[in-house]
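K.L.:
Residue strings, one per chain:
2 protein chains.
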Amino acid sequence: MNLDFTFYNPTKIHFGKNALNHLQQELSAYGKTVLLIYGKGSVKKSGLYDQITDILQKADKRVVELAGIKSNPTYAQLQEGAKLVREHHVDLILAVGGGSVIDCAKGISVSAYCKDDPWKRYWIDCEEVTNPIVPVASVLTMVGTGSEMNGGSVITNEAQMLKNGRVFGPDAYPKFSILNPVYTYTVPKYQMASGIFDTFSHLLEQYFSGQDDNTTDYVIEGILRSLIHSAEIAMQDPENYEARSNIMWCATIALNTITGVSKEQDWEVHMIEHQVGAYTDCAHGAGLAVISPAYYEYIYAYGIDKFVRFAQNVWGIPTDTMTKENAALTGIKKLKDFIEMLGLPSTLRALGVQEDMLPLIANSTIQGGGYKHMTAEDILQVLKACF
Amino acid sequence: MNLDFTFYNPTKIHFGKNALNHLQQELSAYGKTVLLIYGKGSVKKSGLYDQITDILQKADKRVVELAGIKSNPTYAQLQEGAKLVREHHVDLILAVGGGSVIDCAKGISVSAYCKDDPWKRYWIDCEEVTNPIVPVASVLTMVGTGSEMNGGSVITNEAQMLKNGRVFGPDAYPKFSILNPVYTYTVPKYQMASGIFDTFSHLLEQYFSGQDDNTTDYVIEGILRSLIHSAEIAMQDPENYEARSNIMWCATIALNTITGVSKEQDWEVHMIEHQVGAYTDCAHGAGLAVISPAYYEYIYAYGIDKFVRFAQNVWGIPTDTMTKENAALTGIKKLKDFIEMLGLPSTLRALGVQEDMLPLIANSTIQGGGYKHMTAEDILQVLKACF
Chain A
11 MNLDFTFYNP TKIHFGKNAL NHLQQELSAY GKTVLLIYGK GSVKKSGLYD QITDILQKAD
71 KRVVELAGIK SNPTYAQLQE GAKLVREHHV DLILAVGGGS VIDCAKGISV SAYCKDDPWK
131 RYWIDCEEVT NPIVPVASVL TMVGTGSEMN GGSVITNEAQ MLKNGRVFGP DAYPKFSILN
191 PVYTYTVPKY QMASGIFDTF SHLLEQYFSG QDDNTTDYVI EGILRSLIHS AEIAMQDPEN
251 YEARSNIMWC ATIALNTITG VSKEQDWEVH MIEHQVGAYT DCAHGAGLAV ISPAYYEYIY
311 AYGIDKFVRF AQNVWGIPTD TMTKENAALT GIKKLKDFIE MLGLPSTLRA LGVQEDMLPL
371 IANSTIQGGG YKHMTAEDIL QVLKACF
Chain B
11 MNLDFTFYNP TKIHFGKNAL NHLQQELSAY GKTVLLIYGK GSVKKSGLYD QITDILQKAD
71 KRVVELAGIK SNPTYAQLQE GAKLVREHHV DLILAVGGGS VIDCAKGISV SAYCKDDPWK
131 RYWIDCEEVT NPIVPVASVL TMVGTGSEMN GGSVITNEAQ MLKNGRVFGP DAYPKFSILN
191 PVYTYTVPKY QMASGIFDTF SHLLEQYFSG QDDNTTDYVI EGILRSLIHS AEIAMQDPEN
251 YEARSNIMWC ATIALNTITG VSKEQDWEVH MIEHQVGAYT DCAHGAGLAV ISPAYYEYIY
311 AYGIDKFVRF AQNVWGIPTD TMTKENAALT GIKKLKDFIE MLGLPSTLRA LGVQEDMLPL
371 IANSTIQGGG YKHMTAEDIL QVLKACF
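So the sequence lines, in the order shown, correspond to chains A and B.
Quick note: the first sequence uses our numbering, first residue 11, plus one each step.
Quick note: the second sequence uses our numbering, first residue 11, plus one each step.
Errors might be hidden in some of the hints.
Identical copies carry no separate label here, and so any pair may be met within one copy or between two of them.
List of simulated lysine to any residue pairs, SDA-like, C-alpha gap at most 25 Å [unchecked claim]:
#1 K316 <-> E252
#2 K346 <-> A86
#3 K185 <-> Y40
#4 K185 <-> T140
#5 K199 <-> M367
#6 K316 <-> P328
#7 K185 <-> E36
#8 K199 <-> R319
#9 K27 <-> E274
Source of the hints: derived by calculation from the structure; they are not laboratory data.
All chains, full assembly: derive it from the sequences and hints.
P.N.:
Pasting the structure below:
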């Protein structure tokens, strides 16, 4: 570990079949008014909405609601929530749903009392938050983003055709998150697979950077191996509690910053996907699944030893008798096989991208990279390779 | 992951060569009076003491000191510190040293305003802390216990010949800890090796439990592999920053509760060592190194599949062609080789234990276990096997 770092994650996680039993006690630490925010009604179908409103009532809370958060939450919805917070003097924002709902809750939380234009201030200029932050908590129903234990907030500004991710500091992390793997059983298989690959990508994007011998890489390899094993089981048997609980926890620790400590990191795959998402509204993990193999085939030569290690330690390929080139490509081939096993697409076309969008996506993507710095032209090449 | 759990760790870690630069800023969050506690003077020799008192002065703090904390901190020292806290109205206890000093700081922190006998209340009856807790922070100079990011406080009551460990809740965790691997360069090799094995043992004691497929086990395997790799480098080249930084971080995450989530855990090796330590004052990790192989040879048959997995995933032994028995024992043999590489002892005799102490140690050890419940007679057999 060569890079200095600060690690600080004050989110409390209640995990397991009985995790919701902690909600009432947790609520007692906050004031009377709760903004309950959720998506398009699946929490009502599953009965979770009734359970939670029942607990809110027992806890003597006044409840304000914001429903219908989209899978790519919009800045318009965020502004609507911020207005509710101000009008009702909300004391706690309780997000019930997946990463989209929690991301939106955090966006509302930091924006409600921002005196300037929050989009410009926080998602474009990435300024520090100095205004009051309304506490957020979550009940997670969909796995992948890790939003339940970090400061991430990806918001789509429809007017500007921009999907920007911002990572806020620990003050904006959920105060507590309730994770019951059983809630994820009702998620459609395609969404489950998309969430699994989102997690997978978070781990890869931290792993494929740096040249040092770093404990974090060993930890990531362990989580990847567990995730691969449990994903294979869950695709066959979605109600396998052991597999779904492992997947849920893998997703949380894959992006609670512990797998990023002392790592340079390379988030270019996410940067590209955000712009694909802005143009197509595709499932985030599906977008990542299309882009990742093409991206890693484009850059692997610049960090080849790490790709050899990936093949060996994550996929168990005996690389000793192979050329580095061959070993690295075999590892990426295994990644493709994994994506196929998950039933996710392998072309941008399948996500609804049209050929004339490619330069627009390439030119609007934030440039970065890890082993190789990516220019707009490099990004265009990657997009063409997976079109 | 089958067991429900709550994960909550609010300690902030500043890690790296420049970590101390954060101290002044962190101090600004606390009141005027700081109790500075440290060991037997190595922090003065290294110059760290001067650096820290300089920062305390810049931060305009009033400093009270408690020096000479023993490697097995005593209840008498704890009481002395508690008296200082009350007399001087201390606002923050700053521990500079290894696990012993931090454990003692936490003990002082929860005891200072306890109206009853804190030893009985907190280390015997393990009651919840309801009295005010004085904030603790640490600057770590010795690696192994993980005390910098948890609620552990192992205290030796010399009058009662008892060394008891207590794990306090997150309110008693250090508020922040400063981890600079360079500070560990001056630790004598034997102490370094002892700390490495303490960490190793923490990981094993969480790993060797449960029958479920659990992400935590994959994470532990990753950390063990990193620790083995870096330990081999550090034994040859103690000033290898990369190796020492990996070892330091492995120690922290090995006992910050992330490697224990949804695990039954088996802390019997620590229980036995605590009593060996109470009778001999041996280095904690050295005690664990003597007991561990004998303990695991005694119990492996009760959880044989996990021991086969240990051989394969941690030591890279191709177990497919072996009997389970042979594979499990080969893994334990690798553990013995690792201990030998670290230059740690392999017999209780070498730690200063005398034969007539064995029944006393066995009978005073708290009984527990993982794959097998350990009676006093079982413990005696283990002690005899490594005498």
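K.L.:
Hint by hint, note whether the structure agrees.
P.N.:
Tested hints:
When the C-alpha separation of K316 and E252 is checked against a cutoff of 25 Å, the pair qualifies only between copies, where the shortest distance is 17 Å, while the shortest distance within a copy is 31 Å. Taking the closest pair of Cα atoms, K346 and A86 never come within 25 Å of each other, the shortest separation being 37 Å inside a single copy and 62 Å across copies. Both within a single protomer and between protomers do K185 and Y40 lie at most 25 Å apart by alpha-carbon distance, with minima of 11 Å and 22 Å respectively. Taking CA atoms no more than 25 Å apart as the test, K185 paired with T140 passes in both settings, with 18 Å inside one copy and 22 Å between copies.
Within a single copy, K199 and M367 get their C-alpha atoms no closer than 28 Å, and across copies no closer than 61 Å, so neither meets the 25 Å cut-off. Taking the shortest alpha-carbon separations for K316 and P328, both the intra-copy value of 15 Å and the inter-copy value of 23 Å come in at or below 25 Å. For a Cα distance limit of 25 Å, the shortest separation of K185 from E36 qualifies both inside one copy, at 9 Å, and across copies, at 21 Å. Taking the closest pair of Cα atoms, K199 and R319 never come within 25 Å of each other, the shortest separation being 31 Å inside a single copy and 31 Å across copies.
For the homomeric pair K27 and E274, the shortest alpha-carbon distance between copies (16 Å) is at most 25 Å, but the shortest distance inside one copy (36 Å) is not.
Checked against the numbered hints listed earlier, the structure breaks hints 2, 5, 8; every other hint is satisfied.
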